[in-house]
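Chain A is already provided as a structure; the job is to place chain H on it using the hints.
Protein chains in written order, with the numbering used here: chain A, 1 to 421; chain H, 1001 to 1997.
These are calculated hints, taken from the structure and not from any lab test.
The model shown is predicted, which means the values in this text are computed figures rather than measured ones.
Please note: incorrect hints may appear among the correct ones.
Only some residues are given here: those of chain A computed to face chain H with a beta carbon under 7 Å [stated by the list, open to error]:
hint	residue
1	D294
2	I297
3	E319
4	M322
5	M325
6	F332
7	T336
8	Y414
Backbone N, C-alpha and C fix where the C-beta goes; we use that ideal spot for every residue, glycine too.
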Amino acid sequence: MLVSVSLFAQQTPAPPQTTDFTIEGATAHLGNGEVIKNSLIMFSKGKITFVGKAETKIGRIGKVIDAKGKHVYPGFIAANSTSGLVEVDAVRASNDKQETGTYLPHIRSLIAYNTESKVTESLRPNGVLMGQITPRGGIISGTSSVVQFDAWNWEDATMRTDDGIHMNWPSKISFGRWWAGEEKGPKSNKNYKTTIDEVRTMMNDSKSYLKGNKSPKNLVLESLKGLFDGSQTFYVHVGGEKEILDAIAFCEELGIDNLVIVHGGDAHKVADVLAAKKIPVLIDRAHRLPSSSDEDIHFPFKHAKMLVDKGVVVGIGIEGQMERMNSRNLPFYAGTYAAYGLDKEEALKMITSNTAKILGVDDKVGTLEVGKDATLFISEGDALDMRTNILTDAFIQGRKISLESHQTKLWKRYSNKYKNQ
Amino acid sequence: MKKLLLSCLLLFLVNQLNAQDYFPVNEGIKTSNEKHTAFTNATIHISPTQTIENGTLLIQNQKVVSSGKNVSIPKNTTIIDLKGKHIYPSFIDMYTNFGIAKTKRNSSTSRRPQYDASRNGYYWNDHIMPDQRGFDDFNFDKAKAKELVSAGFGVVGTHQQDGIMRGTGMVVALNKNDGDEIRVLNTDATQHISFSKSVASRQAYPNSTMGSMALLRQVYHDAKWYAAGNSKTSDLALETLNNLKNLPIIFEANSLDNDLRGSKIAKEFGLKYIIKGGGNEYNGLNEIVKTGANYIIPIKFQKPFDVSDPHMAAQVELEDMRAWNQSSSNPAMLEKKGVNFALTTSDLKSAKSFKSNLMTAIKYGLSKEKAFEALTTIPAKLLGMSSKIGTLNNGSYANFLITSGEIFDKKTKVYENWVQGNKNTLIDMNVKDIRGDYNLKVAGKSYDLKISGDIGKIKSELMLDSVKIASNLSQSNGWVNLFYTPLNEKKTEFVRLTAALSNSNNINGTGVLTNGNKTSWSAIKKVKEEKKEEKKDTKKDGKALEKKSPVVMPLTYPNVAYGFKTKPQQETVLFRNATIWTNESEGILENTDVLVKNGKISKVGKNLNASGAKVVDATGKHITAGIIDEHSHIATTSVNEAGHNSTAEVTIEDVVDADDVDIYRNLAGGVTTIQVLHGSANPIGGRSALLKLKWGESADELLYKNRPKFIKFALGENVKQSNWGDNNTVRFPQTRMGVEQVYMDYFQRAKEYDTKKKSGKPYRKDIEMEVLAEILNKERFITCHSYVQSEINMLMKVAERFDFNINTFTHILEGYKVADKMKEHGVGGSTFSDWWAYKFEVNDAIPYNGAIMHNQGITVAFNSDDAEMSRRLNQEAAKAVKYGGVSEEEALKFVTLNPAKLLHIDDKVGSIKVGKDADIVLWDGHPLSVYTKAERTMIEGVTYFDKDTNNQNIKDIQKERSELINMMLQEKNKGMKTVPPKKKEKVYFHCDSLENR
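Only chain A is shown next, with the shape it has when bound in the complex (with noise of 0.2 Å):
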């Protein structure tokens, strides 16, 4: 098997879906919850037509893909996710994930994504299809997008355009800088009430301003009116459980409708109350390690059953180490979450349905419905478990996409290589 090799760019983007397709036989997880074994669905022209079980008599449209013993999900949604900024950590050229500066809400990271990034590539063949594409640092960091990944450029990746902007809260506790000669340890943060007036006058700055004239024009306070009229989305990167409250009343004095808790380390303390006002969480990898010596050590693995009991709806973001390149085990962190205690369709939903609701795309993606875009793939086993994920035919709006990545073209390379010695 030769393959004409192409080392520096992504995969050819897929033509628009021109045949139709039609995956029957599967075990079919809907990501709302539901599974249909022995399924049938059909999709066309970018778009799912039909969605039930293989018994119905109906006509299959276009070409049909035997599925049996197999599994169909819905494409998983990597949120939070630097993917395309970033191509090599530790070469500062490839490197535009944070800009300079604390209060960024202008700063927008989809014009930055790189389509042809070799790293986002490799998410595919394990099901990851999408991604919040989420700028880093200062207090408030900027605007993200989602996007799906099969693409010429950013405006063809696209699914939902500045879709939130995203705050850094500060913790209660800050650190003592050693370096800086400070006594090391954790202490009150004394800048904890400042930086959040700080962040509060420019809120109310930005509400007059929006009032008036807008004039002269001010693009920072301008770039904030999607958290008010409820276009766009407020991710507070927060972990305290104080801190999440002080966010939560934040948000309400403000009138800031849409509020998303992303880590929430101590979410489940104050779940009832996410649970109450509907605040959802894009809680941790479940593959970490725990904040203390003293902490359970599982309970990395089991904060999703915590808040998941308890009403919260929570999905996966992937920042962590080295989160780019992990982004192809978000699957198995659902897995690892499912392992302790979560439902496993449960544990689904949060890499499909629930972060497509947190993000806002739940009326294109999410879920296997009719009317969503095509966006899924077909495993040979359990998607969620490292043993069993291995896809054989993946679509993204309807397009079927290239399961080839930088890394199975070096694979077949040098296998052939040994072959013919």
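Chain H alone, transformed into the frame defined by chain A:
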């Protein structure tokens, strides 16, 4: 103030006689005074073991002439009657930097590293300064002397606390009246060492504890070689070190871990270190006993944390809370175990808190006898000065304390501390105790006067008809003075009263009223009130009794969260009806039993019987060999010695951290054996530690018995410092081209070294060369951190040129590109399942790497290099199935049998085979599935992790935390000083981590 001046004057008079007799005198005439002073009728504690009731102590000049019941008193004797009082030898603190200014930090602003030494004519490393003399920097510090004398000390050892080899310390009496010719008892009494570099030099090596240890060893070898006259050049540092041979060596450890490390080096070189501990020795008492060393123990105790804010309290870890609760018991626990130790004020900000801390130690069980010894005879003996200090035997220095009673009694007052025959008054013992309530009558008015406070620092409270009046009271030299502003007088004028004290309880005197008229006055002591006072005292005593049995949390093994209350024992266990992944030709056996006995896998088969075995129903469960992580950086306090480009002399075995909670977390993921590797900061790294994760055992017990020897090498970006910033462009090599030459150079030299050694000619023992020669002699294996194909190929060729093989390439992310060459060379590959894209050299890293190498017949392992990944390596193995289609059975071997092979321990572990160590994991499902959890992890038949115990642990930790938090809140409510919460910021090491020190 006046009193102070006066006593200074008195002392001055006493001391005139001490001028050196051959010195000319130009101020007045030359005199000498040979008078004696006798202290009679006292209880004299000559030493901790000898007490004389009603005895006499006779001193002359600086020394004790004699002591006993029947001391003949010469005519020229001043007699001081000490009826009812006690005499003790003054204390000794052998570990201070008294009078020696701290070394100034190197002020260079350069950010470029310095690799060479700054000193000429000395050792190649600036941090080795045996030639440094504390005496050269000594300046008698009067203020500090006063502080120490007030705390009861008479003599201290002092040295320059800077550097790894710190040179000599001196012994000095805290005698402020005489010159250094009298008070300096020994200019070079002790040698001092530590693991901490000098702040004066920026020389990079060593930058880790293991580097300091290796350096010390090399210095000892070099000193021996130098002494034999083998050096062609002179080295003032080694020369001095050889001259100091007979001095006691004091090693500053400052922690339990370093206590043991220092003791290890001492033993290797037949030396005896006196170890300055860290106060946390109770965490490893048995290991401390095994060292057999003498200790100097600080009594700085952790203050309670301020846990009033639950948010902040949550930051404090159980380990640190326990340290508050348990560390006061450290001296008592050491005493109980028979450890010989002296006490020191070192680590305390001021000697002022010494007494109260000592009383705390006694409250927590330290015996008064031991406390006495630890402050007198033990330090005297350790300094080799028993005949001069520490007791009041004839001929000793007249350093003694006069007290009101038993010295370690709370109520006891220390009146005087005599140092070398010079009196220091702490509390005037002749001062009359006039404290109490009085009825003061002045000019026809009657006041209530309350005198309280400490003797020597009394204060007054004056009331007229229940209205408080500002007043000031002082007592000195048998007189009492009181002045106050009478009420209703607008001007600030004073009534001034004075009286000479008499034997009467009442005070009568004269004074001047605001109008200038003279008056007489009297203060009549109220008798009733005294009784009240007594009652109060007994109440206080009652409280003290309550305090006498403080609650101390039990120690666990290790003494951190998830430690065992009692160490787990080997068991005979029969696992019934499991799916067994044998990793042997039998393959995967279903419905099979495994019997574990005497730490070994005793039987594998169907329907086994074993009397006395605990039977575990494993139906539906799976059993595999324990997981082996070929590349780990947990359970260590150092990873990289980055100070040189080759550091074969260092070993991770020196710095194993047996208390690391990651050991427990790894066990929970089924890991039983790990290779703790040196990092990748240099082409030739340090030696590995091969560990079994026996949670609760000491670092020594964790090390594999009869272990094969390994060393870490590294290639690529890390060793050429590509990602270290623009200042790190000094060290060779900076390119892959240079890396090859480092190897060629070192192996060539090692070869020559080995030849010379084997020839029988004298040679300079070089630890680094010894280790490299082991590689050439095929006695040590290389695990080499590697990424791109060119360098992988290069190292194999270098090895072939020197006729040995590389054992393992670790990471080996482009192994798939040279798998055929690797196979031919015979090297194994220990790789990541799917890591890539984190730096430039991993651009071509692919998750199919393991499968390709495996298919080429290479022994392949998956490793973690990461504390998080290591606890789910079974899932990483599953990725070999996913990426490249390796069979499940073979994939599991990637994290069990194959790493065992790479580590040359597959005869003992790595498969379920009769006769192998019972290092096994019971899984609740398919071992490669994300849904599967380890239920039980065993090493040599001992269960170190178990699901149910873990659940109980979680509850116990919560309970103990809440108990300790409550105890700390109580302390805060009592008004005890608290400190802000702290959180140990746990460091997770990777290949490129540097120790933060």
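Checked hints:
Here the hint on A:D294 is kept, as its CB sits about 4 Å from the closest CB of chain H, short of 7 Å. A cut of 7 Å between beta carbons decides the hint on A:I297: the least distance to chain H is about 5 Å, and the hint holds. Restraint check, A:E319 versus chain H: the minimum CB separation of about 15 Å is more than 7 Å; hint violated. A distance limit of 7 Å between C-beta atoms decides the matter here; for A:M322 the minimum to chain H is near 5 Å, and the interface restraint holds.
Because the closest C-beta pair between A:M325 and chain H is about 4 Å apart, less than 7 Å, the hint holds. Taken as an interface hint, A:F332 checks out: its beta carbon lies about 5 Å from the nearest beta carbon of chain H, inside 7 Å. Contact between A:T336 and chain H, as hinted, is supported at the beta carbon level, the nearest pair being about 6 Å apart and thus within 7 Å. At its closest, the beta carbon of A:Y414 sits 5 Å from a beta carbon of chain H; the interface hint therefore holds under the 7 Å criterion.
The structure does not agree with numbered hint 3 stated previously, though it agrees with all others.
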